[in-house]
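Produce the complete structure using the sequences and hints provided.
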Amino acid sequence: MFEKFTATARTAVTEAQAEAHDVGDRRIEPVHVLGALVKHDPADGILSRHGVTYAAVRAQIAGSGDGTLDAAALASLGVDLDAVREQADTTFGPGALDRAGRGRGHLRFARGSKAALEQALRATVAGPGREIGAPQLLAGVLAVNDPRTTAVIAAVCDDPAALRDEVARAVSGKAA
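If you read the sequence shown in the UniProt record's numbering, its first letter stands for residue 1, the second for the next number, and so on.
Since the hints were made in silico from the structure, they are not lab data.
Note that CB positions come from ideal geometry on N, CA and C, so glycine has one too.
Be a bit skeptical, because a hint or two may be false.
Keeping only pairs whose Cα atoms sit at most 27 Å apart, straight-line, the calculated BS3-like set for lysine-lysine is [unchecked claim]:
#, residue 1, residue 2
1, Lys4, Lys174
2, Lys114, Lys39
3, Lys39, Lys4
4, Lys114, Lys4
5, Lys39, Lys174
Beta-carbon label-pair distances, calculated as ranges [said to hold, decoys possible]:
#, residue 1, residue 2, range
6, Val84, Ala126, 45 to 53 Å
7, Arg49, Asp82, 39 to 47 Å
8, Glu86, Arg169, 20 to 28 Å
9, Gly45, Asp22, 21 to 29 Å
10, Val125, Asp82, 48 to 56 Å
11, Thr91, Ser172, 50 to 58 Å
12, Ala62, Glu86, 16 to 24 Å
13, Ala168, Gly105, 32 to 40 Å
14, Glu131, Gly93, 39 to 47 Å
15, Ala168, Thr91, 48 to 56 Å
See the structure below:
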């Protein structure tokens, strides 16, 4: 199926792994594909027109994943995250705790990401195009009912419903 992807969409799929690695996540989720897409905003500027920026998406992803440490949860167990961080920095160098567990190995696609790729294919088949491009990939990501992606979109987009409508028009080949 990957041969049906445009170069831009293919790049976004492969960069999704780097997005997941960079925030310490252990799987590639739809939100990482969104992050890779918005990094270059190749879908004819659809994302930027709705206030979605890479910096905002990245901040939301970093604060919502499985790779972040929850200071409140640790405090409820009697662990002072600031003290642990300070000791790790002293022993292993600045930022050691943040780097821990962020290997560069291959990550698997989560079920939601696989579903997003399937939805992108469906959007392509239903539309006038023959290749899966950035708009189709974005449509796939938005079509998947992924709570993390939904929360990120809600936090960074000025009007999520209008974004979905514009993506649907772009995929169908109809003008705005």
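So, going through the hints one by one against the coordinates:
1. Lys4 <-> Lys174: Holds: Lys4 and Lys174 sit about 21 Å apart, inside 27 Å.
2. Lys114 <-> Lys39: Cα-Cα ~20 Å, so holds.
3. Lys39 <-> Lys4: The hint holds at about 22 Å.
4. Lys114 <-> Lys4: holds, 15 Å
5. Lys39 <-> Lys174: holds, 25 Å
6. Val84 <-> Ala126: 45 to 53 Å: 51 Å Cβ-Cβ, so the 45 to 53 Å window holds.
7. Arg49 <-> Asp82: 39 to 47 Å: The hinted range 39 to 47 Å holds for Arg49 and Asp82, with Cβ atoms some 40 Å apart.
8. Glu86 <-> Arg169: 20 to 28 Å: violated, 52 Å
9. Gly45 <-> Asp22: 21 to 29 Å: holds, 24 Å
10. Val125 <-> Asp82: 48 to 56 Å: holds, 52 Å
11. Thr91 <-> Ser172: 50 to 58 Å: holds, 56 Å
12. Ala62 <-> Glu86: 16 to 24 Å: Distance hint for Ala62, Glu86 holds at roughly 21 Å.
13. Ala168 <-> Gly105: 32 to 40 Å: holds, 36 Å
14. Glu131 <-> Gly93: 39 to 47 Å: holds, 46 Å
15. Ala168 <-> Thr91: 48 to 56 Å: Between Ala168 and Thr91, where Cβ atoms are some 52 Å apart, the hint holds.
This entry does not satisfy hint 8, going by the numbered hints stated previously; all others are met.
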